[in-house]
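K.L.:
First to last, the protein sequences are chains Y and X. Mapping the first sequence onto the working numbering, position 19 (from 1) lands on 19, and the numbers just tick up by one. Mapping the second sequence onto the working numbering, position 66 (from 1) lands on 66, and the numbers just tick up by one.
By construction, these hints were calculated from the structure, which means they are not laboratory data. Be careful, since some hints might not be right.
What follows is a list of derived Cβ distance ranges for each label pair [as the list claims (entries may be wrong)]:
| id | chain 1 | residue 1 | chain 2 | residue 2 | range |
| --- | --- | --- | --- | --- | --- |
| 1 | X | Leu115 | Y | Asp83 | 52 to 60 angstroms |
| 2 | X | Gln23 | Y | Ser95 | 22 to 30 angstroms |
| 3 | Y | Ser95 | X | Thr25 | 14 to 22 angstroms |
| 4 | Y | Ser73 | X | Thr107 | 47 to 55 angstroms |
| 5 | Y | Gln98 | X | Thr25 | 30 to 38 angstroms |
| 6 | X | Thr62 | Y | Val144 | 22 to 30 angstroms |
| 7 | X | His66 | Y | Ala96 | 26 to 34 angstroms |
| 8 | X | Asn74 | Y | Ser107 | 41 to 49 angstroms |
Taking lysine to aspartate or glutamate pairs in the EDC-like style, the calculated list, with each CA pair at most 16 angstroms apart, reads [unchecked claim]:
| id | chain 1 | residue 1 | chain 2 | residue 2 |
| --- | --- | --- | --- | --- |
| 9 | Y | Lys112 | Y | Asp92 |
| 10 | X | Lys34 | Y | Asp32 |
| 11 | X | Lys71 | X | Glu105 |
| 12 | X | Lys10 | Y | Asp32 |
Just so you know, even glycine gets a beta-carbon here, dropped at the ideal spot from N, CA and C.
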Amino acid sequence: MTLHDVQKDGTNVDLILTDGDVVAGTWVDNIDNAHITNRHLFNTSQANNDEITFDISLGRGTYDVHLAYKTNSSHGKVDVSLDSQVIINQLDTYSAAQALNVTHEESNVVLKGGDYKLSLKLNGKNAASSSYFLSVNYISFRRVA
Amino acid sequence: MTYELQPVGKNYDMVIFDGDVVQGTWAIVIANTKVLNFVYSNIASHADGDEFTIPLVIGKGTYDLHLVYTKDDNQGKLDVLIDSTVVINQLDTYDAATQSNQIHEETNVAIGGGLHTLHFRVNGKNAASSNHVMRLQMISFRKVA
Chain Y
1 MTLHDVQKDG TNVDLILTDG DVVAGTWVDN IDNAHITNRH LFNTSQANND
51 EITFDISLGR GTYDVHLAYK TNSSHGKVDV SLDSQVIINQ LDTYSAAQAL
101 NVTHEESNVV LKGGDYKLSL KLNGKNAASS SYFLSVNYIS FRRVA
Chain X
1 MTYELQPVGK NYDMVIFDGD VVQGTWAIVI ANTKVLNFVY SNIASHADGD
51 EFTIPLVIGK GTYDLHLVYT KDDNQGKLDV LIDSTVVINQ LDTYDAATQS
101 NQIHEETNVA IGGGLHTLHF RVNGKNAASS NHVMRLQMIS FRKVA
């Protein structure tokens with residue numbers, strides 16, 4: 001693949017978040033039929049800075065990014081990054097009561113295109129949260145311009 | 001740029017878990033008997049004309065479209081449009097009994113390469129149906145020419 005190829009105009013990319021490369025913490029891909037795609041990926045280590053990455057190729061363009069995840073009283077905040085570019089900043093996944101299959105949309109994310117490391121990293125927590133869990137299912141990059 | 005927006009197409013599978021709502025209330029509903037363990041449905045609003053869109057970037061070509069959906073006794077008919085062109089016309093998703101994981105194939109759909117908007121719109125219902133509910137899961141674009 002040439003540099004020109006990886007930087008051409010992008011198309012939509014959908015990624016089930018399973019089997020990533022662990023940077024910090026312990027991550028488990030757990031079958032659970034209460035979640036879309038029948039699974040969720042979560043950090044049993046539940047520590048701040050727990051991180052997992054995925055290899056992903058995205059063409060240049062402007063994207064709406066959709067992340068499906070779980071909220072609960074023990075969950076932390078997550079940064080989602082492509083290499084060094086934070087595309088979702090400290091998304092708070094705390095809620096007093098559990099909620100499954102929640103979706104967050106981050107609009108108009110501008111990318112130059114190329115091969116990226118997609119990173120999900122715990123970055124702090126809500127004052128009301130008891131821990132630093134993160135549970136995620138799915139991420140979708142939908143090109144809009 | 002025109003050239004790069006019209007690359008030769010390839011297969012693309014789109015999981016329908018979140019859309020940009022035009023009308024109605026659309027949400028994930030967990031359903032363990034479905035492929036991918038959920039449906040994206042307007043069960044809360046279930047009105048004629050309910051609609052959502054998803055941006056679509058695809059290379060030029062001729063595609064067979066495969067839509068995975070559910071049939072039931074309260075379901076409506078579905079139009080699928082690419083921009084303003086109807087590519088699936090009033091697909092009747094009514095059945096007297098629940099039929100999960102139905103696949104509708106629409107063959108030889110010619111698509112110009114570039115940025116498009118994919119519309120999913122409820123358009124009428126079978127006389128025997130009690131409502132305008134829609135339950136969708138995924139759509140595949142399989143390039144054939």
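K.L.:
Each hint: holds or not?
P.N.:
Status of the hints after comparison with the structure:
no., hint, verdict
1, X/Leu115 x Y/Asp83: 52 to 60 angstroms, "violated, 25 angstroms"
2, X/Gln23 x Y/Ser95: 22 to 30 angstroms, "holds, 28 angstroms"
3, Y/Ser95 x X/Thr25: 14 to 22 angstroms, "holds, 20 angstroms"
4, Y/Ser73 x X/Thr107: 47 to 55 angstroms, "holds, 50 angstroms"
5, Y/Gln98 x X/Thr25: 30 to 38 angstroms, "violated, 21 angstroms"
6, X/Thr62 x Y/Val144: 22 to 30 angstroms, "holds, 25 angstroms"
7, X/His66 x Y/Ala96: 26 to 34 angstroms, "violated, 41 angstroms"
8, X/Asn74 x Y/Ser107: 41 to 49 angstroms, "violated, 33 angstroms"
9, Y/Lys112 x Y/Asp92, "violated, 27 angstroms"
10, X/Lys34 x Y/Asp32, "holds, 14 angstroms"
11, X/Lys71 x X/Glu105, "holds, 15 angstroms"
12, X/Lys10 x Y/Asp32, "violated, 32 angstroms"
The structure is inconsistent with the numbered hints 1, 5, 7, 8, 9, 12, although it conforms to all the rest.
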